[in-house]
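*Asks:* Whole structure, please, built from the sequences with the hints as guidance.
Numbers 1 to 479, taken from the numbering used here, label the letters of the sequence shown in order.
Since the hints were made in silico from the structure, they are not lab data. Each hint should be verified, as a subset may be incorrect.
FRET-style restraints, in silico, Cβ to Cβ [unchecked claim]: (1) P284 to A200: 15 to 25 Å; (2) A328 to A426: 40 to 50 Å; (3) D106 to A426: 53 to 63 Å.
Straight-line alpha carbon distances no greater than 16 Å define the calculated EDC-like cross-link-like pairs of lysine to aspartate or glutamate that follow [unchecked claim]: (4) K103 to D11; (5) K103 to D87; (6) K225 to D271; (7) K103 to D314.
Since we're looking at a predicted model, the values are computed, not measured. The beta carbon of each residue, even a glycine, is placed where N, CA and C say it ideally should be.
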Amino acid sequence: MTKRVLLVEDDASIALVITAALEAEGFDVDHCDSVAGRDRHLAGADYRLLLTDVMLTDGDGIETLGSVRDAHPSMPIIILSAQNTLDTAVRASETGAFEYFPKPFDLEELVRTVTQAIGKAEAAEIDVPQDVTQGLPLVGRSAAMQAVYRMITRVLRNDLTVLILGESGTGKELVAEAIHQLGNRRAGPFIAVNTAAIPAELIESELFGHEKGAFTGAVARSIGKFEQASGGTLFLDEIGDMPMQAQTRLLRALQSGRIRRVGGRDEITLDCRIVAATNRDLLPMIAAGTFREDLYYRLAVVPIELPPLRERADDIEALARHFLANAAAEGLPRRQLTQSGAELLSRQPWRGNVRELRNFIYRLALLARDEIIDATAIEPLLVHAEGGSATQELQDTTGSAPGDLASAVEHWLSSNSPAPGDVYDAALAAFERPLFAAILSQTSGNQLRAAQILGINRNTLRKRLSELAITAEDFALRD
1 MTKRVLLVED DASIALVITA ALEAEGFDVD HCDSVAGRDR HLAGADYRLL LTDVMLTDGD
61 GIETLGSVRD AHPSMPIIIL SAQNTLDTAV RASETGAFEY FPKPFDLEEL VRTVTQAIGK
121 AEAAEIDVPQ DVTQGLPLVG RSAAMQAVYR MITRVLRNDL TVLILGESGT GKELVAEAIH
181 QLGNRRAGPF IAVNTAAIPA ELIESELFGH EKGAFTGAVA RSIGKFEQAS GGTLFLDEIG
241 DMPMQAQTRL LRALQSGRIR RVGGRDEITL DCRIVAATNR DLLPMIAAGT FREDLYYRLA
301 VVPIELPPLR ERADDIEALA RHFLANAAAE GLPRRQLTQS GAELLSRQPW RGNVRELRNF
361 IYRLALLARD EIIDATAIEP LLVHAEGGSA TQELQDTTGS APGDLASAVE HWLSSNSPAP
421 GDVYDAALAA FERPLFAAIL SQTSGNQLRA AQILGINRNT LRKRLSELAI TAEDFALRD
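*Replies:* As structure tokens, then:
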């Protein structure tokens with residue numbers, strides 16, 4: 001049987017390149033540039049595969065695929081699109097498309113996928129109402145985000161355990177929410193738990209629940225997060241910070257599909273999808289013996305790695321405009337970002353990633369004097385940008401780059417004149433604020449982890465933050 005492919009593409013140059021590549025691999029390619037032309041070709045010939053763009057000369061290539069699927073249920077469909085959003089990726093997946101390729105795409109990968117699709121000659125269907133996909137807080141059309149969108153669509157038909165990897169502030173919980181909202185458990189609850197914020201002695205009770213009298217203070221039965229997530233999704237954030245003992249209990253639960261409340265005798269069958277996330281590199285932790293290797297492979301059935309914002313600078317403008325719109329919807333003044341402002345934002349490192357950018361945009365919406373925001377309005381606030389402020393603040397305090405701490409101290413001593421006997425306290429106060437800023441930036445504002453890194457009591461940290469007037473708004477602190 002001939003390997004006949006129908007290509008529906010309104011860009012003549014792209015069509016020419018795809019046709020040449022496929023014909024070089026032995027495929028017979030027919031080409032048209034419209035929905036009407038597609039339907040005529042499909043009615044008059046037997047095709048092994050349909051390769052179609054979304055935006056065609058006479059309509060939307062995805063919206064009109066219903067009749068194609070009804071008439072040719074076993075024919076694989078591959079969708080191409082320059083409309084590179086999560087919504088487009090999900091719409092493509094809803095059609096039962098074999099694969100979705102955002103433009104620009106890797107031509108060799110496209111040819112390989114065509115070969116695989118024809119070999120399998122089957123497609124699946126995801127029953128996700130389109131209105132569910134609207135309003136998801138995932139923004140970006142960069143190539144890095146396209147890979148994330150494609151991975152999300154691949155886990156919607158199943159309950160495979162997903163491990164989301166990425167730096168703090170990249171949006172790991174948003175991806176977990178998208179998997180839940182678009183997946184087959186969307187009718188159930190989405191329960192999120194930050195495992196790093198739970199004291200080690202309470203984490204098992206928090207996850208698995210406890211019976212009355214199980215320990216001092218257990219005055220009543222408590223239902224744990226696993227049971228609360230029944231029928232839905234349990235999101236285990238900061239899984240890399242989970243104590244080893246709790247890791248063992250979690251592994252046992254995942255292996256057996258059952259849990260037992262602390263102090264309880266009856267086993268409870270699990271009925272939830274597990275999505276975990278961490279900003280840590282777990283492989284070195286496995287080598288160091290601080291994270292269980294068997295638990296890692298249980299969690300990382302499907303790993304999804306989120307790119308840091310510095311690797312998707314093309315998305316910064318869209319994110320900034322998105323956050324300005326959200327800020328206005330939440331009651332902050334309505335602002336308009338000029339191109340010069342967008343370009344300045346796109347050049348910033350945003351070490352705190354999307355979270356830092358969002359907090360900066362909200363601050364900008366509040367503090368900007370004019371409705372129109374250009375580069376000159378943004379520049380004065382950049383030195384206070386959350387997450388990226390620690391280095392700048394240290395330079396402002398000491399007059400020296402933080403990499404040369406001895407020079408920084410010498411400069412501070414020469415530039416300040418504390419009274420005799422007060423030098424230590426004055427120097428400590430000068431350096432304490434940027435130190436806390438740097439650590440809190442690393443921990444995404446988690447005070448418990450910051451205190452552990454600093455080697456001080458959490459209450460001491462809270463007291464010093466209050467005395468130094470470092471507020472939750474300044475660093476998006478979370479308990």
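*Asks:* All the hints need checking, so say for each whether the structure fits it.
*Replies:* Here is what the structure says about each hint:
A hinted range of 15 to 25 Å holds for the C-beta pair P284 and A200, which are about 21 Å apart. As the Cβ distance of A328 to A426 is approximately 43 Å, the hint placing it in 40 to 50 Å holds. At roughly 59 Å, the beta carbons of D106 and A426 sit within the given window of 53 to 63 Å. Taking the CA atoms of K103 and D11, the gap is about 12 Å. The hint holds against a cut of 16 Å.
Under the criterion of a C-alpha separation no larger than 16 Å, the hint pairing K103 with D87 is consistent with the structure, at around 15 Å. The straight-line distance between the Cα atoms of K225 and D271 is roughly 12 Å, inside the 16 Å bound, and the hint therefore holds. Note on K103 and D314: the hinted pairing holds, with a Cα-Cα distance of about 14 Å set against a maximum of 16 Å.
Against the hints set out earlier in the document, no violation occurs for any number.
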